[in-house]
Amino acid sequence: MNNFTLLNLKLHPSFLAYFTLIFIFISCEEKKISHENKEPTKEMLAHIIETEKAVNMYQNYKKERIDILKDTLSTLYGKEFNDTRLVQVNLKILKNYIAYVEKRSKENNINPESLHFYFSVYPSNKEGIQKHHQTFFIAPATKDGNNQYGYTLQKKGNKSEILYLKDVLSNHKTSNNTTQDIQKASFFSLSQDEENGLIFNDQNSVPPYGGS
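As numbered in my numbering, residues 1 to 212 make up the sequence shown, in order.
These aren't lab readings, by the way, just hints derived from the structure by calculation. Every residue, glycine too, gets a C-beta built ideally from N, C-alpha and C. It is possible that some hints are incorrect.
[To be verified] No more than 25 Å apart at the CA atoms, straight line, and that leaves these computed lysine-lysine pairs for PhoX-like: (1) LYS103 / LYS143; (2) LYS166 / LYS143; (3) LYS155 / LYS166; (4) LYS106 / LYS63; (5) LYS131 / LYS62; (6) LYS92 / LYS79; (7) LYS38 / LYS92; (8) LYS42 / LYS143; (9) LYS143 / LYS126; (10) LYS126 / LYS70; (11) LYS103 / LYS159; (12) LYS79 / LYS126; (13) LYS106 / LYS143; (14) LYS166 / LYS126; (15) LYS103 / LYS92; (16) LYS70 / LYS131; (17) LYS106 / LYS92; (18) LYS155 / LYS106; (19) LYS62 / LYS79; (20) LYS38 / LYS126; (21) LYS106 / LYS62; (22) LYS103 / LYS156; (23) LYS92 / LYS42; (24) LYS143 / LYS156; (25) LYS95 / LYS79; (26) LYS131 / LYS63; (27) LYS63 / LYS38; (28) LYS103 / LYS63; (29) LYS166 / LYS156; (30) LYS131 / LYS79; (31) LYS159 / LYS143.
[To be verified] Cβ-Cβ distance ranges computed for the label pairs, FRET-style: (32) TYR118 / LYS38: 25 to 35 Å; (33) TYR77 / ASP202: 14 to 24 Å; (34) GLN59 / LYS155: 44 to 54 Å.
Modelling step: build the complete structure from the supplied sequences, incorporating the hints.
Here it is in structure tokens:
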């Protein structure tokens, strides 16, 4: 019995060293993966544009959108109305949103390929100064055939299932008003379902808020 105890005492430091090496290896691998994820890829860098090009695009938007629609928007919403030119999204919240999309999609066997940004306008019943202003909402997109479609999740019984936004946003495809009302009701009910919804909005926008 004493020999067995002695053997245990002799082996214990070896096991400790072994597990220490494993821990160091795993930590190094995690740091390596984290470092690799932060390195800019050629694919990403191909989407970076020059400042001059961004300025031209921004000014073109004023000339080819804002100036053309200014009188109409002023008539509808008042002379002081200026539509949104900038939308601010908190970086930490955006990263957390992407992680949430990946987690919920994986749970439902969906492979998110990209994010779709849908241009939209806040309704007249929107509380605060954002009503009538331009905005966008974000939804993940997955491949279906040769195309990518935005989606969210809807609850069916005790489970969640994919709901393609094209099926609820393209109401012009249906001629029956009752069908349209049902689709709209389903969509608005879904977007209030925090447990399943994957649609992101409610950011700060300029105008009406200050900033540049």
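Structure-based check of all given hints:
1. LYS103 / LYS143: Cα-Cα ~17 Å, so holds.
2. LYS166 / LYS143: Between LYS166 and LYS143 the Cα gap is close to 13 Å, so the pair holds against 25 Å.
3. LYS155 / LYS166: 18 Å, holds
4. LYS106 / LYS63: 43 Å, violated
5. LYS131 / LYS62: 20 Å, holds
6. LYS92 / LYS79: Distance of about 37 Å is beyond 25 Å: violated.
7. LYS38 / LYS92: 15 Å, holds
8. LYS42 / LYS143: 23 Å, holds
9. LYS143 / LYS126: 33 Å, violated
10. LYS126 / LYS70: Holds, at roughly 21 Å.
11. LYS103 / LYS159: Holds - the C-alpha atoms of LYS159 and LYS103 are around 15 Å apart, at most 25 Å.
12. LYS79 / LYS126: With a Cα-Cα distance of about 19 Å, the restraint between LYS79 and LYS126 holds, given a limit of 25 Å.
13. LYS106 / LYS143: Holds - the C-alpha atoms of LYS143 and LYS106 are around 14 Å apart, at most 25 Å.
14. LYS166 / LYS126: 24 Å, holds
15. LYS103 / LYS92: 16 Å, holds
16. LYS70 / LYS131: 16 Å, holds
17. LYS106 / LYS92: It holds: about 21 Å lies between the C-alpha atoms, which stays within 25 Å.
18. LYS155 / LYS106: Holds: LYS155 and LYS106 sit about 16 Å apart, inside 25 Å.
19. LYS62 / LYS79: 17 Å, holds
20. LYS38 / LYS126: 38 Å, violated
21. LYS106 / LYS62: At roughly 41 Å apart (the allowed maximum being 25 Å), LYS62 and LYS106 break the hint.
22. LYS103 / LYS156: 19 Å, holds
23. LYS92 / LYS42: Holds, because 24 Å separates the two Cα atoms, which is no more than 25 Å.
24. LYS143 / LYS156: Holds, at about 22 Å.
25. LYS95 / LYS79: 38 Å, violated
26. LYS131 / LYS63: 23 Å, holds
27. LYS63 / LYS38: Status violated; Cα separation ~38 Å.
28. LYS103 / LYS63: 42 Å, violated
29. LYS166 / LYS156: Roughly 19 Å separates the two Cα atoms, so the pair holds.
30. LYS131 / LYS79: 15 Å, holds
31. LYS159 / LYS143: 22 Å, holds
32. TYR118 / LYS38: 25 to 35 Å: Holds, since TYR118 and LYS38 (Cβ atoms, about 29 Å apart) stay within the stated range.
33. TYR77 / ASP202: 14 to 24 Å: 20 Å, holds
34. GLN59 / LYS155: 44 to 54 Å: Given range 44 to 54 Å: holds, Cβ gap about 45 Å.
Violated hints, in rising order: 4, 6, 9, 20, 21, 25, 27, 28; the structure is consistent with all others.
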